[in-house]
Amino acid sequence: MSELTSMIMSKLNYWVYIVLMMVGLYAMIAKKNLVKKIIGMNILQTAVILFFISVGVKKDATIPIIIHGGAAESHALQAANYMNPLPHVLMLTAIVVAVATLGVALALVIKVYQKYETLDEDEILARLEDE
Amino acid sequence: MKTRALIIVFLFGGLLIYCTLDFPTWGDPLAPASKHVSPRYIERTVEETSVPNTVTAVLADYRSYDTMFETIVIFSAGVACLFLLRIFRRIEPETQLYRHIPSGITLRIAKGVKPPRESREFERIDLMWVPHDLIVQTIARLIVPFSQIFALYVIAHGHYSPGGGFQGGVILGASIILFAISHNLRSSFTRISEKLAVILCGLGVFIYAGTGALSIILGSNYLDYGALSRVFGVDAVTARSHGILIVEIGVGICVMAVMVHLYYNLASAGRHDEGL
Chain X
271 MSELTSMIMS KLNYWVYIVL MMVGLYAMIA KKNLVKKIIG MNILQTAVIL
321 FFISVGVKKD ATIPIIIHGG AAESHALQAA NYMNPLPHVL MLTAIVVAVA
371 TLGVALALVI KVYQKYETLD EDEILARLED E
Chain B
-19 MKTRALIIVF LFGGLLIYCT LDFPTWGDPL APASKHVSPR YIERTVEETS
31 VPNTVTAVLA DYRSYDTMFE TIVIFSAGVA CLFLLRIFRR IEPETQLYRH
81 IPSGITLRIA KGVKPPRESR EFERIDLMWV PHDLIVQTIA RLIVPFSQIF
131 ALYVIAHGHY SPGGGFQGGV ILGASIILFA ISHNLRSSFT RISEKLAVIL
181 CGLGVFIYAG TGALSIILGS NYLDYGALSR VFGVDAVTAR SHGILIVEIG
231 VGICVMAVMV HLYYNLASAG RHDEGL
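Sequence order for the protein chains is X and B.
Counting with the working numbering, you get residues 271 to 401 for the letters of the first sequence.
Counting with the working numbering, you get residues -19 to 256 for the letters of the second sequence.
Keep in mind the hints are simulated off the structure, nothing from the lab.
A virtual CB, placed ideally from N, CA and C, is assigned to each residue, including glycine.
One thing to keep in mind: the hints can contain errors.
Unchecked claim - In silico EDC-like pairs for lysine to aspartate or glutamate, Cα to Cα no more than 16 Å straight-line:
{"hint": "1", "chain 1": "X", "residue 1": "LYS281", "chain 2": "B", "residue 2": "GLU72"}
{"hint": "2", "chain 1": "X", "residue 1": "LYS329", "chain 2": "B", "residue 2": "ASP8"}
{"hint": "3", "chain 1": "X", "residue 1": "LYS302", "chain 2": "B", "residue 2": "GLU174"}
{"hint": "4", "chain 1": "X", "residue 1": "LYS301", "chain 2": "X", "residue 2": "GLU393"}
{"hint": "5", "chain 1": "B", "residue 1": "LYS94", "chain 2": "B", "residue 2": "ASP113"}
{"hint": "6", "chain 1": "X", "residue 1": "LYS385", "chain 2": "X", "residue 2": "GLU401"}
{"hint": "7", "chain 1": "B", "residue 1": "LYS(-18)", "chain 2": "X", "residue 2": "GLU387"}
{"hint": "8", "chain 1": "X", "residue 1": "LYS302", "chain 2": "X", "residue 2": "GLU401"}
{"hint": "9", "chain 1": "B", "residue 1": "LYS(-18)", "chain 2": "X", "residue 2": "ASP392"}
Unchecked claim - To be clear about the criterion: a stretch of chain B counts as covered by chain X if any three or more of its residues have a C-beta under 8 Å from a C-beta of chain X, and this derived list gives those stretches:
{"hint": "10", "segment": "41 to 54"}
{"hint": "11", "segment": "134 to 147"}
{"hint": "12", "segment": "238 to 244"}
As the list claims (entries may be wrong) - Covered stretches of chain X, as calculated for chain B (at least 3 residues, CB under 8 Å):
{"hint": "13", "segment": "292 to 299"}
{"hint": "14", "segment": "377 to 390"}
With the sequences and hints as input, model every part of the structure.
Structure below.
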């Protein structure tokens, strides 16, 4: 029983991120409104970012800033004492790029609204067929 | 459509959850993700770049190609927004609206009549119902300078504490967007014009790429900041940390300008009038 509990506890955060990712994916597929689709895309991006940050965690480790910057030779630096910096770096840029893609997506939505005066997918398709 | 989407989502989610059973346990120091290259980063960063913050060193030195092209992605997002939305020829309305701020009276100025000069007393508005929020404007005026100082601290102190160009640039952009939300777009154009924002977008990328080109000119590889030691007059390791700072400043300028520029275009749908 305790083995099962520890297994669940060690995977629980990944499951939460998968649920979050599926919420975003569902919104992207099923929602008709284009803005809701964009919100779904952002939820999916957030899930991926959380997942990567979670991968970089090490137990009993501190943030990847070497405290005794100059005196590193005095005591050996153990990599297990510092969290993995690589996912932090990748997600740092991914967050800002997510904002940039959000901006471009909203710009496209504004253009669609100016042309078809609706954001509903079915109505846009109906107007496309009328032309 | 909804049932099909649900089936896809549950299938895909179940598959992913099944895959997590093979994952290493959470927080395992021996997980594959933290085995190959990341211990080297943690152990050698200080002696190779003299930057205590490993994240900053990896971002701007070890993986600076990656970061440079991320900056270019952000730059192209700003440019794409400009080309998608910007409307240069505007149809001016028949009557222009001006608000007399002390009394709150709205003036209609007919075509051909000389409008009042914009000042503390008069501001141009587009819609009748937008109120003049004195409290919001005053509070925003108080917050903006402090958040800008904090943003500069985050950029400059990225070597020693969590921070860097991306975060500082976003805070700097947010302070200007706060000003633009609380006042209106026209008054924020007097602080940072559209032209300046676009120039700053390019300038940030130019600083980054120029630092790399300078390393080539000084006889090293592209973006190898160790070559800058002759420019700064310090040893190669300290020159790396100086190079990281320059690159971070470039990233900060680019991110700030793109955030502001995206807001300008999205808030007014490219018309650059009063905005939200």
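The hints, checked one at a time:
For a cut-off of 16 Å, the pair hint linking LYS281 of chain X to GLU72 of chain B is broken: about 60 Å separates their Cα positions. The straight-line distance between the Cα atoms of LYS329 of chain X and ASP8 of chain B is roughly 6 Å, inside the 16 Å bound, and the hint therefore holds. The straight-line distance between the Cα atoms of LYS302 of chain X and GLU174 of chain B is roughly 34 Å, outside the 16 Å bound, and the hint therefore fails. A C-alpha spacing of about 13 Å is found between LYS301 of chain X and GLU393 of chain X, which places the hinted pair at or below 16 Å, so the restraint holds.
Restraint check for LYS94 of chain B and ASP113 of chain B: not satisfied, since their Cα atoms lie roughly 27 Å apart, outside the 16 Å limit. The hinted pair formed by LYS385 of chain X and GLU401 of chain X meets the criterion: a straight-line CA distance of about 12 Å does not exceed 16 Å. For the given pair, LYS(-18) of chain B sits about 25 Å from GLU387 of chain X by alpha-carbon distance, which is inconsistent with the 16 Å threshold. Restraint check: the Cα-Cα separation between LYS302 of chain X and GLU401 of chain X comes to about 21 Å, which exceeds 16 Å; the hinted pair is violated.
Our distance criterion of 16 Å between C-alpha atoms is met by LYS(-18) of chain B and ASP392 of chain X, whose separation comes to about 14 Å. Check on the segment 41 to 54 of chain B: 6 of its residues sit with their Cβ under 8 Å from a Cβ of chain X, so the three-residue criterion for coverage holds. Residues of the segment 134 to 147 of chain B lying with their CB closer than 8 Å to a CB of chain X number 6, which satisfies the three-residue condition for coverage. Chain X is given as covering the segment 238 to 244 of chain B, and this holds because 3 residues of the stretch bring a CB closer than 8 Å to a CB of that chain, at least three being needed.
Judged by the Cβ-Cβ criterion of 8 Å, the segment 292 to 299 of chain X is covered by chain B as claimed, because 4 of its residues qualify and three suffice. Only residues whose beta carbon comes within less than 8 Å of a beta carbon in chain B count, and the segment 377 to 390 of chain X has 5; three or more means the coverage holds.
In this structure, the hints that do not hold are numbers 1, 3, 5, 7, 8, in rising order.
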